[in-house]
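Peer 1: Now for the letters of each chain:
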Amino acid sequence: MESIEKDKIYKIKEIVRDKPSYMNYGLIEDTLLRVIDKSSDNKNFYLEVIGFNRKIAISVEFLQDIVLEEVSGDQKG
Amino acid sequence: MIKRVNMEKKTEVPKGCQECELGSIQKTVTELKKNLRRTKRLRVALVGQPNSGKSTFFNSLSNYKVNTANYYGTTVEYHLTTIFIKNYEIELIDLPGIYSLNYSDLAEKVSFEILTNVRDEFKIDGIIQVVETSSLPHALLLTLDLLTLDIPMVIALNMFDEARIRGVNVDIQLLQDFINVPVIPTVSIKGENTLKCVLKLIEVIENTSLINDEDSVISNYSFNIKNGSLFYRASFSKEELRDVINSYKRLWKSMVKDIFDSTNCHFENCKLVPACLMNIEKYAPNMKSLANVRDEILKLKSNIIMSISSLVFSVQKPSPTFEDLIDRFVLNRFWGYLILILVMFFTFYVAYFLGNIIADKIDSVVDPLSAKVDDLFKDYGILNPLIIGFKEGFLGGIGIVIPYLIPFLFFISLLEDSGYIPRMMYLMDGFLKPLGISGRSVLSFVLGLGCNVSAIMSLRGLTKYSERIFAGMVIPFVPCSARTVVVMALVTGTLGVWWGLSLYLLSFLIIVTVLLLINKLSKFNHLYFMVHIPPYRVPSLKSIFSKIWLRFKTFVFTAWPVLILGTIVLSYLSYFQLDRSINNVFSFLTVGLLGLPQETGIPLIFGVLAKEYALVMLYSALNTDNIKMVMTNLQIFVFSVFIMLYTPCISTIATQVKEIGWKYTVISIILSVSTAIIVSFIISKLLYFMS
Ligand SMILES: Nc1nc2c(ncn2[C@@H]2O[C@H](COP(=O)(O)OP(=O)(O)O)[C@@H](O)[C@H]2O)c(=O)[nH]1
Ligand SMILES: [Mg+2]
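From first to last, the protein sequence lines are chains A and B. In short: position in the first sequence from 1, add 176, done, that's this note's numbering. In short: position in the second sequence from 1, add 128, done, that's this note's numbering.
Next up, chain B with everything else stripped away, as it sits in the complex (with noise of 0.2 Å):
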């Protein structure tokens, strides 16, 4: 039986933008101007599908940066950054990638919002689109709707070293000719030719007289006679290509008129009428004779890119090429699956085994300093909790961004940059999809055992709402980095590798389960999935440099700070020995439920703020460096347990209010707290009877 998401959800023709889903653009350019207005810019766009470099190419012109900041929209993040050329004060836009002007994610729906201007209150004066050079036909249907927006374009041809090893051949003056823009090759990933874009841009958008309004817009498209030859035809000369990508450019903005005079959706000069259209079968059921108009001119679109296409691109490749020949091994039904145990098995190991090792050196070299510091502040009263606490909580986050964290995300971002994990996804969306899971949110349940705030940041690219719901309740059963930490301090130290890695197994099997019951319970839709798979790569360093850093900002300037603000309360509790009565409260649980000792009260309370303080907090709370004098081996394992299931830290309860709402956070909490109870409760009890 097949179920669908989203198509048949019923929707009446929107009233005005307020209630389409589309309302919620007001928001994003708000904030984009709060950002931006400080300053009078040339603003460039750089657009692109996926993968296709605009990251690279972004970073490459860094050289003239002032700033680089990350901005983390309401749905997505972007990128800016202020770069000085030739007497102009540029603001390069880093765009998430889009395919087309009809998105299907958050992520593209930002771009779109931004690429339209939505309410012109934030003008983009400017775009560069890279393209994936192997692949320029895919590209042009990008291209052909950034045109629609008379906005000043330059094409970079992006990836050009590739293409030119896979065979590629690209007629660019012919290209030039037909699409009116200029074409440059580069290579971003070693800086070629990216300056020359702007500078190219810059000289289109200082040549651009106002564009032609009148001669831009018939009144009335209905299929007049001359345009209406086009849809008889299914491919185009080369005489014709221009002619015909400008009346095609003008069916589709007077369609968009059309559409626009004849919906309820009066919201004035609406630029999101595109978007509108794209998806009419879903906000305008009833509507069903302007999706077939749609229809013929996006058939007409298409024949323009074949036709285009076959004129200017070429591809001379062996067959089967080479990456044929990976992918029958990496894909096989025995090697395929044995290469994936492998990966796995290595990401696991780095997050955990070569973290623990890591540490260890970390360990000797701080532990002393830590003393020292401790001595240094003995006697400065009431300021020492203060300073102890942030001295706690930075050694802390050091003990897990060095160890764990940064060599995990140096793993992933390496598998990612390969080109592998789009294959992996391909593989296990067959386990998944019982699980109420498709293959797409692999990456972001991998994440999660870095750090749980970086992979639900990374549900955005999923395409379906229930999904990224779905997802981003149960991620926070994944055991992060900080997790990591106290296992391998608590279980592993205390009582032995197979401890540790059994209670990896149980959180491993409580995610199955969680996500089963889920699945179960819930109206959630199964997902299917259509992804693009990128050729492999050889991964450059900079670029997954810049990758990790990305990821391990979220954890620096999220976590982190929570981390020694924390740890500052917590000395100052036990200063004025608060900390007695806040165990006593939750004695029932410590004691009464669990059969831990009182003072684990606290530790817990500040697991909540990150986990890795429940390690912390236990120590100073006991008094000890040795755990196994205060707590017996069932007490160790099962305070374990309820630390790696309990409610998420208060970092990752931000993101997931952030991306999945309150709702589905206080579910999520809810989830995690009484599945936590429940599992240690059972655990201590059938310990305490085997022993």
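Here chain A stands alone, though its shape is the one from the complex (with noise of 0.2 Å):
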């Protein structure tokens, strides 16, 4: 998860596991995400979602239940 860049924006592919608790939060598949910040020790992201319009930090352990994809910044919905 060390690929993960602060202010990209990546395109959530695919979640590999429980589909609903992320849901809840705004993480779907094909949604984009922008990362805000992330924590020196990498462990933990802040997050815009960008559809949603909400931002979210999560754990990296989480993260890794989820495909990511970079896309280029103009993308942005």
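Source of the hints: derived by calculation from the structure; they are not laboratory data. Note that beta-carbon positions come from the ideal geometry of N, C-alpha and C, so glycine has one too. Be a bit skeptical, because a hint or two may be false.
Looking from chain A toward chain B, a few residues come up when the C-beta cut is under 10 Å (computed) [unchecked claim]:
id: 1; residue: 204
id: 2; residue: 225
id: 3; residue: 228
The following label-pair restraints were derived from C-beta to C-beta distances [stated by the list, open to error]:
id: 4; chain 1: B; residue 1: 308; chain 2: A; residue 2: 217; range: 23 to 33 Å
id: 5; chain 1: B; residue 1: 213; chain 2: A; residue 2: 245; range: 35 to 45 Å
id: 6; chain 1: B; residue 1: 190; chain 2: A; residue 2: 245; range: 42 to 52 Å
id: 7; chain 1: A; residue 1: 217; chain 2: B; residue 2: 295; range: 33 to 43 Å
id: 8; chain 1: B; residue 1: 445; chain 2: A; residue 2: 219; range: 40 to 50 Å
id: 9; chain 1: A; residue 1: 219; chain 2: B; residue 2: 367; range: 45 to 55 Å
id: 10; chain 1: A; residue 1: 217; chain 2: B; residue 2: 456; range: 16 to 26 Å
id: 11; chain 1: A; residue 1: 245; chain 2: B; residue 2: 476; range: 37 to 47 Å
id: 12; chain 1: A; residue 1: 217; chain 2: B; residue 2: 445; range: 23 to 33 Å
id: 13; chain 1: A; residue 1: 217; chain 2: B; residue 2: 213; range: 52 to 62 Å
id: 14; chain 1: A; residue 1: 245; chain 2: B; residue 2: 790; range: 12 to 22 Å
id: 15; chain 1: B; residue 1: 449; chain 2: A; residue 2: 219; range: 45 to 55 Å
Put the complex together from the two separate chains, hints included.
Peer 2: This is the structure in structure tokens:
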């Protein structure tokens, strides 16, 4: 997960397991995430779920169930 | 290495509701019934995501109220108020926030149980979904679930003022057309349109003819061709959406029915199936195929939501937004932590120094009055202890509440409403993880500085049971206002500020050590967190005061009565001179181990009732106003250390039992008592050799 970088935008390609719980926080497949901040130990991420106009803080362990794909900045919705 | 909580728990297919984790609903329902049996009313539930403004909405209608009450259910509190509108007696329920009918914490569970009217005993007649307009798409997740309940509904697009400022635009008419539910923009903080929502809902309820049941459940969903095609579509057009939503509803309901038929969970008309379905990996790991079907339907749900959103919702905001700029500062590696330290420092300042200043002012007023009362009732014989005890207990409460608790709660609520707390959780999570708690429990620990009771109650919002237990056992080590009073009077007052502060530092170190210790010894898993970060807001006084009141109430109605009762009992003990024998029993600890005067036995016992007592009792047991005359500095310090650490007060224990169960409460008590004995013993020896 070190590869997730600040200020970049990612698309959720797939959520591997426990979809309902992720959905509660607006994390669903095909939505875009903007990385607002990541903690210095790379353990926590502060994200904007763009389509939902929501911000969440999430531990890296949760992100491991999510397959992300980087999209170039101008695709931002 | 990653450990998982909950997910890998081995569970069998539930055989009946008594056996699945959801079985406890019976309790909640009976409780609710008890509270509501008396009158025939329309019951309206306020439902929405956390922080959408439900409570503000609820309070804005209280102009029409006759009474408002808060019930602490077995698991979580909910608020009820009765309002009279248009010949209707409406019972309004402010439910804990939920994101969807898939619950993950206790608070959400209660909402779910009430909404789904688990056993047809507690019927909700109407729902007002309170939506934070700025994130309408997110709220639609819940809307779609609520629609499947077939309960008359109105949507309040709340915080409409804020949404406008944040460049949000909603096509209300179109949204209404799609979901076939009235949508009304509201600003609940100003009470705008909240009444209108209720009126509209009444209208909907009046006009709802019986729901067409035959149409709503098709016997076998099995992806029949017509519905099946829905699953291959990523988006839907304006014209299709209304039909698609209806199909979704039907699909969902028939799947629920199907899952009910195919599991062993044969509780008649069990309304909990949707939750079972959402948690199927947890409750029935061998039914993977059902989980797959569910995921298909959820996919459809998200496609529907995205389609609706793209048609009705748009945001125009600058990049970066003002909030982004503040966040850059608040989350900055340097400035962020500097702000955090300042905030922590100030919190502590409010809890400690500010309280002391106010306490002095109060004392100068109260002390002469108190002496007058003593004088007045001198000759009342056997009644005298009752009156004096009551007075002492009451004043003791005032001495905690006004100077320490209220300013502290004010400041915390301010922090909370501004939106800083979740960011603080994010910043602190890294430090807390090695201690076995996640950033989410920070607020609870901080609240502990005010009153342990409300701190432990606030743990309900934590998703993981293990984290709740963990924090629930350790929070009693956080020095609450009552202990601050003791420290202030005994240590700071007699030995000086630095001694007082060192005591706080000590309890901080002990909290860290205890956390590390439990974390090492226990099987509790590591915790990850996922929290929702609300936008920054200018806190409103009204909302702050209602927050203070809610937390303050737990003190007033749980801790204070115990305090008053205890002082009365104590006055009688000394009236009948029973105190001496009690002191003797405890002398092995007080005199033997800790080198304290024998008279400290009684104060220690009564400190269990409320820590503040230890102080009141110490003065009266030693029969002095000047502790320094009868105790050495060393003794004063050791006594304070012991008071600070040993067993939580009785109200805290009661709350612990309720929230984390007997077993862990007992462990927690053993833990704190032994810590207190060991630490104060070491300190007494250490200081003795040093001096
Ligand atoms: N600007 C604005 N703020 C609101 C409105 N309604 C609630 N708030 C604020 O939103 C925050 C959360 O409200 P609260 O009622 O506690 O939310 P709950 O968690 O859903 O009960 C509080 O700080 C309120 O002052 C509104 O209509 N406009
Ligand atoms: Mg609320």
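Peer 1: Are the hints correct? Go through all of them and say.
Peer 2: To see whether the hints hold, each was checked on the structure:
1. 204: holds (4 Å)
2. 225: Status holds, d = 8 Å.
3. 228: With a minimum Cβ separation of about 4 Å from chain B (threshold 10 Å), the hint on residue 228/A holds.
4. 308/B with 217/A: 23 to 33 Å: violated (49 Å)
5. 213/B with 245/A: 35 to 45 Å: violated (52 Å)
6. 190/B with 245/A: 42 to 52 Å: holds (49 Å)
7. 217/A with 295/B: 33 to 43 Å: Once the Cβ atoms are compared, 34 Å apart, the range 33 to 43 Å for residue 295/B and residue 217/A holds.
8. 445/B with 219/A: 40 to 50 Å: The hinted range 40 to 50 Å is violated for residue 445/B and residue 219/A, with Cβ atoms some 29 Å apart.
9. 219/A with 367/B: 45 to 55 Å: The hint (45 to 55 Å, Cβ to Cβ) holds, given that residue 219/A and residue 367/B are roughly 47 Å apart.
10. 217/A with 456/B: 16 to 26 Å: holds (19 Å)
11. 245/A with 476/B: 37 to 47 Å: holds (45 Å)
12. 217/A with 445/B: 23 to 33 Å: holds (31 Å)
13. 217/A with 213/B: 52 to 62 Å: Given about 54 Å between the Cβ atoms, the range holds.
14. 245/A with 790/B: 12 to 22 Å: The hinted range 12 to 22 Å is violated for residue 245/A and residue 790/B, with Cβ atoms some 50 Å apart.
15. 449/B with 219/A: 45 to 55 Å: This hint is violated: roughly 26 Å between Cβ atoms.
Checked against the numbered hints given earlier, the structure breaks hints 4, 5, 8, 14 and 15 and satisfies all the rest.
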